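6 protein chains.
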Amino acid sequence: MPIVQIDMLEGRSLEQKREMVKKITAAIVETAKCPPEAVTIVLREAPTQHIAKAGILAADR
Amino acid sequence: MPIVQIDMLEGRSLEQKREMVKKITAAIVETAKCPPEAVTIVLREAPTQHIAKAGILAADR
Amino acid sequence: MPIVQIDMLEGRSLEQKREMVKKITAAIVETAKCPPEAVTIVLREAPTQHIAKAGILAADR
Amino acid sequence: MPIVQIDMLEGRSLEQKREMVKKITAAIVETAKCPPEAVTIVLREAPTQHIAKAGILAADR
Amino acid sequence: MPIVQIDMLEGRSLEQKREMVKKITAAIVETAKCPPEAVTIVLREAPTQHIAKAGILAADR
Amino acid sequence: MPIVQIDMLEGRSLEQKREMVKKITAAIVETAKCPPEAVTIVLREAPTQHIAKAGILAADR
Numbered sequence: 001m002p003i004v005q006i007d008m009l010e011g012r013s014l015e016q017k018r019e020m021v022k023k024i025t026a027a028i029v030e031t032a033k034c035p036p037e038a039v040t041i042v043l044r045e046a047p048t049q050h051i052a053k054a055g056i057l058a059a060d061r
Numbered sequence: 001m002p003i004v005q006i007d008m009l010e011g012r013s014l015e016q017k018r019e020m021v022k023k024i025t026a027a028i029v030e031t032a033k034c035p036p037e038a039v040t041i042v043l044r045e046a047p048t049q050h051i052a053k054a055g056i057l058a059a060d061r
Numbered sequence: 001m002p003i004v005q006i007d008m009l010e011g012r013s014l015e016q017k018r019e020m021v022k023k024i025t026a027a028i029v030e031t032a033k034c035p036p037e038a039v040t041i042v043l044r045e046a047p048t049q050h051i052a053k054a055g056i057l058a059a060d061r
Numbered sequence: 001m002p003i004v005q006i007d008m009l010e011g012r013s014l015e016q017k018r019e020m021v022k023k024i025t026a027a028i029v030e031t032a033k034c035p036p037e038a039v040t041i042v043l044r045e046a047p048t049q050h051i052a053k054a055g056i057l058a059a060d061r
Numbered sequence: 001m002p003i004v005q006i007d008m009l010e011g012r013s014l015e016q017k018r019e020m021v022k023k024i025t026a027a028i029v030e031t032a033k034c035p036p037e038a039v040t041i042v043l044r045e046a047p048t049q050h051i052a053k054a055g056i057l058a059a060d061r
Numbered sequence: 001m002p003i004v005q006i007d008m009l010e011g012r013s014l015e016q017k018r019e020m021v022k023k024i025t026a027a028i029v030e031t032a033k034c035p036p037e038a039v040t041i042v043l044r045e046a047p048t049q050h051i052a053k054a055g056i057l058a059a060d061r
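Protein chains in written order, with UniProt numbering: chain A, 1 to 61; chain B, 1 to 61; chain C, 1 to 61; chain D, 1 to 61; chain E, 1 to 61; chain F, 1 to 61.
Source of the hints: derived by calculation from the structure; they are not laboratory data. The structure presented is a predicted model; accordingly, all values stated were derived computationally and were not measured. Don't be surprised by glycine CBs; every beta carbon is placed ideally from N, CA and C. Please note: incorrect hints may appear among the correct ones.
[As the list claims (entries may be wrong)] Interface residues of chain B toward chain C, partial, derived using beta-carbon atoms under 10 Å:
| # | residue |
| --- | --- |
| 1 | 1 |
| 2 | 12 |
| 3 | 17 |
| 4 | 20 |
| 5 | 23 |
| 6 | 25 |
| 7 | 32 |
| 8 | 51 |
| 9 | 59 |
| 10 | 60 |
[Stated by the list, open to error] Here are the simulated EDC-like cross-link-like pairs (lysine to aspartate or glutamate), alpha carbons at most 20 Å apart as the crow flies:
| # | chain 1 | residue 1 | chain 2 | residue 2 |
| --- | --- | --- | --- | --- |
| 11 | B | 22 | B | 45 |
| 12 | A | 33 | D | 37 |
| 13 | B | 33 | B | 45 |
| 14 | F | 23 | F | 45 |
| 15 | A | 22 | A | 45 |
| 16 | E | 53 | B | 30 |
| 17 | E | 53 | B | 19 |
| 18 | F | 22 | C | 37 |
| 19 | F | 23 | F | 60 |
| 20 | D | 23 | A | 19 |
| 21 | B | 23 | C | 60 |
| 22 | C | 23 | B | 30 |
| 23 | F | 23 | C | 15 |
| 24 | E | 33 | F | 37 |
| 25 | A | 22 | A | 37 |
| 26 | C | 23 | C | 45 |
| 27 | D | 53 | D | 19 |
| 28 | F | 23 | E | 30 |
| 29 | B | 23 | B | 45 |
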């Protein structure tokens, strides 16, 4: 029962999200050998003020 | 110090969330044998575009 | 499709975990008005070296 | 900077994990239009005592 | 490659978040002995309806 | 009530973890203006087989 969580910057379209969960599920089904129904994915979008790398917010890059 | 995170579809009322955290905390206190003060819960709501099962967004079902 | 994650100190028995997921699921079904099959729970156990409050590890309390 | 977390039952081989992260990254790069270097994935394995659905541990199914 | 997730009540300013990720990254670099570029942080803000302690929502305290 | 989760490669000593949670808590207290008791941190260690960047496991780099 793989549970997938993805935190990413906001801005992707519904079509992009639709394709993303479809392809990620296929990748897991193929490699983990589980049925598609076992794969749950939750996407979470963050504004650029909320993701940082090397101590610097994406908003400040 | 149980830390509980719940990702769920948006749409529950304040009263539902109030009851949910009350009952989940009681369930943990009773079974994990810890004081209520030790239980922290964070709820996160997702739009139907952000939760998928079997590779299909809740928005598309 | 509520997804529940619980991080807690290690040490609970299988019977305690069994009761915990049963009661938490019941609490969510009752308050969120969703079917039991929609509730997924993942437990994660941490040693006392891995949980801290007020800047002090549980191992040092 | 997509951050991917996957909680799943233990038991997959190193080769399965290697293929899984490769294919998931490709799926995100293709759909989110970001460079591969921006994708970080963390896998977490759970024993059957630690994942539940419908209030029943995988260990009890 | 430390991945840091912080769930907190909403209400901090951009300047507070900027300082927070800067100081947390410095703390990790200093203690985990890794380069700053290896540290990724995601902040998530919750309304007072979404964080509970001891079974009571922050909104009700 | 900031809740901090850190996923990182295994291998840090108890002393490093002790200093890490102390300094991270201080960073949050200073920038978020909350009392130390409000800060909870959970550390999770991953083997090199379980963290990937750019589609490649840390174990394979």
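Broken hints, by number: Hints 9, 10, 12, 13, 18, 19, 21, 23, 24 and 27 are the ones this structure does not satisfy, whereas the remaining hints hold.
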